[in-house]
Amino acid sequence: MSISDATTAVSDELAARDDMIVCTGVDKWYGDFQALKGVTATIKEQEVVVVLGPSGSGKSTWIRCVNRLEQHQGGTIVVDGVELTNDVRNIEKIRSEVGMVFQQFNLFPHLTVLDNITLAPKWVKKQPKDVAEENARKLLDRVGIPEQADKYPGQLSGGQQQRVAIARSLAMEPRVMLFDEPTSALDPEMIKEVLDVMKELAQQGMTMVVVTHEMGFAREVADRIIFMEAGEIVEVGTPEHFFTNPTEDRTKLFLSQIL
Amino acid sequence: MAAVENFVVNTDEGLLPQADALPPELPSLPPGEWMKKNLFSSPFSTILTFVFGAMALAAINVLVDFIFSDERNWTAPATNLRLLMTQAYPADQYIRVWVSVGLVAVLTGLSTGLWNAGDALSMKRISMWFMTGGSFVALVALLAPFDSGRRTTWLILAAVVVGIGLAIWFGLGERRRSIFVRSIYVVFGVLGAIIGSLWVVKYGNYALADGELVADPDALVAPTTRIPWTILLAILVGTYFIGRGLAGKVAALLKAIVMGAWLLAPFIIVWVILRDPDLDWDHVISTDIPMALAFGFGGGLILYALTKPGLGEIGKIVAGVLLAVAAFNWVAAFFGWYPMLQKARLSFLFLAIFALAAANFAGDRRTRLQLVWGWLGFMAVVHYMATMANTASTLEIQGDFFLGGLSLTLFIAVLTLMLSFPLGVLLALGRTSRMPIFRVLSTVYIETIRGVPLITILFFFSVIIPIFLPSGMGLSETAAIVIGYTLFSAAYLAENVRGGLQAVRRGQFEAADALGLTGSQRTGFIVLPQALRVSIPPLVGQAIATYKETSLVSIVGGFDLTRIADKVISAQTDFLGVKMENLLIISFIYWVGAFSMSKYSQKLERRLGVGER
Numbered sequence: 002m003s004i005s006d007a008t009t010a011v012s013d014e015l016a017a018r019d020d021m022i023v024c025t026g027v028d029k030w031y032g033d034f035q036a037l038k039g040v041t042a043t044i045k046e047q048e049v050v051v052v053l054g055p056s057g058s059g060k061s062t063w064i065r066c067v068n069r070l071e072q073h074q075g076g077t078i079v080v081d082g083v084e085l086t087n088d089v090r091n092i093e094k095i096r097s098e099v100g101m102v103f104q105q106f107n108l109f110p111h112l113t114v115l116d117n118i119t120l121a122p123k124w125v126k127k128q129p130k131d132v133a134e135e136n137a138r139k140l141l142d143r144v145g146i147p148e149q150a151d152k153y154p155g156q157l158s159g160g161q162q163q164r165v166a167i168a169r170s171l172a173m174e175p176r177v178m179l180f181d182e183p184t185s186a187l188d189p190e191m192i193k194e195v196l197d198v199m200k201e202l203a204q205q206g207m208t209m210v211v212v213t214h215e216m217g218f219a220r221e222v223a224d225r226i227i228f229m230e231a232g233e234i235v236e237v238g239t240p241e242h243f244f245t246n247p248t249e250d251r252t253k254l255f256l257s258q259i260l
Numbered sequence: 002m003a004a005v006e007n008f009v010v011n012t013d014e015g016l017l018p019q020a021d022a023l024p025p026e027l028p029s030l031p032p033g034e035w036m037k038k039n040l041f042s043s044p045f046s047t048i049l050t051f052v053f054g055a056m057a058l059a060a061i062n063v064l065v066d067f068i069f070s071d072e073r074n075w076t077a078p079a080t081n082l083r084l085l086m087t088q089a090y091p092a093d094q095y096i097r098v099w100v101s102v103g104l105v106a107v108l109t110g111l112s113t114g115l116w117n118a119g120d121a122l123s124m125k126r127i128s129m130w131f132m133t134g135g136s137f138v139a140l141v142a143l144l145a146p147f148d149s150g151r152r153t154t155w156l157i158l159a160a161v162v163v164g165i166g167l168a169i170w171f172g173l174g175e176r177r178r179s180i181f182v183r184s185i186y187v188v189f190g191v192l193g194a195i196i197g198s199l200w201v202v203k204y205g206n207y208a209l210a211d212g213e214l215v216a217d218p219d220a221l222v223a224p225t226t227r228i229p230w231t232i233l234l235a236i237l238v239g240t241y242f243i244g245r246g247l248a249g250k251v252a253a254l255l256k257a258i259v260m261g262a263w264l265l266a267p268f269i270i271v272w273v274i275l276r277d278p279d280l281d282w283d284h285v286i287s288t289d290i291p292m293a294l295a296f297g298f299g300g301g302l303i304l305y306a307l308t309k310p311g312l313g314e315i316g317k318i319v320a321g322v323l324l325a326v327a328a329f330n331w332v333a334a335f336f337g338w339y340p341m342l343q344k345a346r347l348s349f350l351f352l353a354i355f356a357l358a359a360a361n362f363a364g365d366r367r368t369r370l371q372l373v374w375g376w377l378g379f380m381a382v383v384h385y386m387a388t389m390a391n392t393a394s395t396l397e398i399q400g401d402f403f404l405g406g407l408s409l410t411l412f413i414a415v416l417t418l419m420l421s422f423p424l425g426v427l428l429a430l431g432r433t434s435r436m437p438i439f440r441v442l443s444t445v446y447i448e449t450i451r452g453v454p455l456i457t458i459l460f461f462f463s464v465i466i467p468i469f470l471p472s473g474m475g476l477s478e479t480a481a482i483v484i485g486y487t488l489f490s491a492a493y494l495a496e497n498v499r500g501g502l503q504a505v506r507r508g509q510f511e512a513a514d515a516l517g518l519t520g521s522q523r524t525g526f527i528v529l530p531q532a533l534r535v536s537i538p539p540l541v542g543q544a545i546a547t548y549k550e551t552s553l554v555s556i557v558g559g560f561d562l563t564r565i566a567d568k569v570i571s572a573q574t575d576f577l578g579v580k581m582e583n584l585l586i587i588s589f590i591y592w593v594g595a596f597s598m599s600k601y602s603q604k605l606e607r608r609l610g611v612g613e614r
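One line per chain: the protein sequences are Z and U, in this order. So for the first sequence, the numbering used here puts the first residue at 2; every next one is plus one. So for the second sequence, the numbering used here puts the first residue at 2; every next one is plus one.
Isolated chain Z (complex conformation) (with noise of 0.2 angstroms):
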């Protein structure tokens, strides 16, 4: 490991936050492939990190351990103080907790834009049909598509329809939003509307982890950046620091190739 502890380039304003996600030596397997090798991270109360590095390199996998998509092998995982083990019951407040993001949208096609929002509200927060229904259409006006709630998703461009999932997962006011490459199945005129939501929802406060290609995203919005590769954690630090001075080769050889 070239960084045993990834929150050193935190500052001590972010140092003092609450840790709302600590990761631990996570490692990961897919058959003899190690995906994860002891990613080591932990991220505070409203901060927002951006997860850059080659495809490949272990971001997705990373945060789809965090809310139990996949099933990490070592290492631990704390959310919000409570620990993903195999005990269900902590996987189902994680889950509850954590919001998530897909590239694909992964929108219900059978439902109704409205429907698509309302139904974990309704069926595991047990909220009341009209009080869901409500704070849908506010959290469709948020991401400014409020005209689109009874359409279904198939009639929706991609862009909406991603506007739409951040809706859904916000839906169960989660204190923390994992994105997983939220703009890469979109054309490109449609990623800065999806960019736009997600910024407003950075600076009002939300704790979000972002995988993403999006470099002017991750330099304007990030409070820090992880760099990984191969299934490590290979650098840490401001977007500043990260994009105009990096220490690490493996990030400069990155840099050099996208930029």
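One should not assume that every hint holds.
[Said to hold, decoys possible] Partial list, computed: chain U residues near chain Z (C-beta under 10 angstroms):
| id | residue |
| --- | --- |
| 1 | 364 |
| 2 | 509 |
| 3 | 514 |
| 4 | 517 |
| 5 | 526 |
[What the hints assert, rightly or not] Which chain Z residues face chain U? A few, computed with CB under 7 angstroms, are given here:
| id | residue |
| --- | --- |
| 6 | 70 |
| 7 | 97 |
| 8 | 101 |
| 9 | 105 |
| 10 | 121 |
Hints were generated in silico from the structure; no laboratory data involved. Just so it is clear, CB atoms sit at the ideal spot from N, CA and C, and this is done for glycine as well.
Please arrange chain U on chain Z, whose structure you already have, making use of the hints.
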């Protein structure tokens, strides 16, 4: 119910396209060019055109020769239509049959109206149908073994039909493409023409009255046929417009009621309307009603308690205990340890199932009461039906069962489909489950059943199973057949649903998980609705097969449509040995049912496609 509602996508908008939005018509090729392009484009296709054209003509020729041959005895099926429909159902109670058909007509009319079913047909298409239909009549007239007088009559008929088509085509000119008719009106028109002709055209009056053959070829059909059908058509059209009128207003609630009525209709029709239970009111008041109330309100209280928020493990334990009691009741029934009304056993089982679902309704008072109301309504239906089914019928009928002919065919088909659907879905879920015990059991069951011919299973259930049942647990032959057929059909259905389950993308599971849905919520709200939608074509294919293969019942002793056509009519003294005519007629009856199902499934697929990509 949520899962069912998802299948209903309203298509109110865009049914009748605006005339000015039409693209210009592509210039049609002159007939010579068209034939060259479509029939004779290469030497090989020319050969194919001639070979298959000749084969088609030959086939039509054979069929027409057969139908119109002087040797045919069409009096046999005409006289025995009632036998083919309902076998020996008592004539003085026949109003019950008409009421049953009437109930179906009401539901059909209301549904088509409420859901605004049907497409828009352009006058161009209707005109082409007339021309094609008329040409076919002309073809039949030329091929059939008619004398010249009859041939001329048929050719005039053909000319009139083609003439109507041409009149529409040229009379409307360009507007034929922009004037649309609801397809449902076309259906009403065709039905109206057929039923109206009963009052005008002398199809002949045939009947077997007290063993005496009444055959009057120069008469209108009997009033006992034409009057009910006319009333039925009026009901169908009337309820359609009532449904249309109500569509905008209280649509959601009405649609739910109509869907519920469709589910209940087969049971009400068979056990209440047709069977006419001879209710013993003393028993009803002393036992049936108190028991229904006890289960309804006792169960309601338990369920209300179980939906208390934050109950956690205790709720699961109580539900588990209830399930164990319910299961034990059935075991005890099998061994005859203690007597108990079947109704009570069923109620216990349903209470356990509701209790298992109770955790999903934990929340405020209103959510909790939803489950309790659902339970009360469900218990009312179960106890009403169970009481009716358990009461002896007033009908005096020889034999095992009071239905026969088409009514028995439909009874077995509908009941089998309704019972095997939930079973098949459960088996499919079991086979794809992560729990080994379910997976192995489902797989073994499905593979075993699929390896055995249906006829073997039917023999097994109608002959062998009753022998091994403990004394006192009688099983009527029809019940045995339905059970065997259901178990068979469920295995195939499970495989179709499994195909659908595998088509649901991984991302859907992940999204449901990430939102914190439980496994059963994920299956019920996300996975199954999508899987069933994908499975519609194979499921309808199987429904059609199930409907047609009820004819195997005739081999194991059921008096279904096939048995009556094949064995019963040909044994009547007036029609000894007459078989082919009956078989052709029932083929047509089977075909009408199967073709309607196929058409309906195509509509369903298109309609459900609305929300997708």
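Going through the hints against the structure:
1. Satisfaction of the interface hint for residue 364 of chain U is found here, the shortest Cβ-Cβ separation to chain Z being roughly 4 angstroms, below the 10 angstroms cut-off.
2. Of the supplied interface hints, the one on residue 509 of chain U holds, with its beta-carbon coming within about 6 angstroms of a beta-carbon of chain Z, less than 10 angstroms.
3. Hint status for residue 514 of chain U: holds, given a least beta-carbon distance of 6 angstroms to chain Z, under 10 angstroms.
4. Given hint, residue 517 of chain U at the interface with chain Z, holds; its Cβ is 4 angstroms from that chain's nearest Cβ, closer than 10 angstroms.
5. The beta carbon of residue 526 of chain U comes within 6 angstroms of a beta carbon in chain Z, closer than 10 angstroms, and the hint placing it at the interface holds.
6. Because the closest C-beta pair between residue 70 of chain Z and chain U is about 5 angstroms apart, less than 7 angstroms, the hint holds.
7. A least Cβ separation of about 4 angstroms between residue 97 of chain Z and chain U falls short of the 7 angstroms threshold, and the interface hint therefore holds.
8. With a cut of 7 angstroms, the hint placing residue 101 of chain Z at the interface with chain U holds, because the nearest CB-to-CB distance is about 4 angstroms.
9. For the restraint placing residue 105 of chain Z at the interface with chain U, the shortest Cβ-Cβ distance is roughly 5 angstroms, inside the 7 angstroms limit, so the hint holds.
10. A least Cβ separation of about 4 angstroms between residue 121 of chain Z and chain U falls short of the 7 angstroms threshold, and the interface hint therefore holds.
Consistency note: the structure conflicts with none of the earlier hints.
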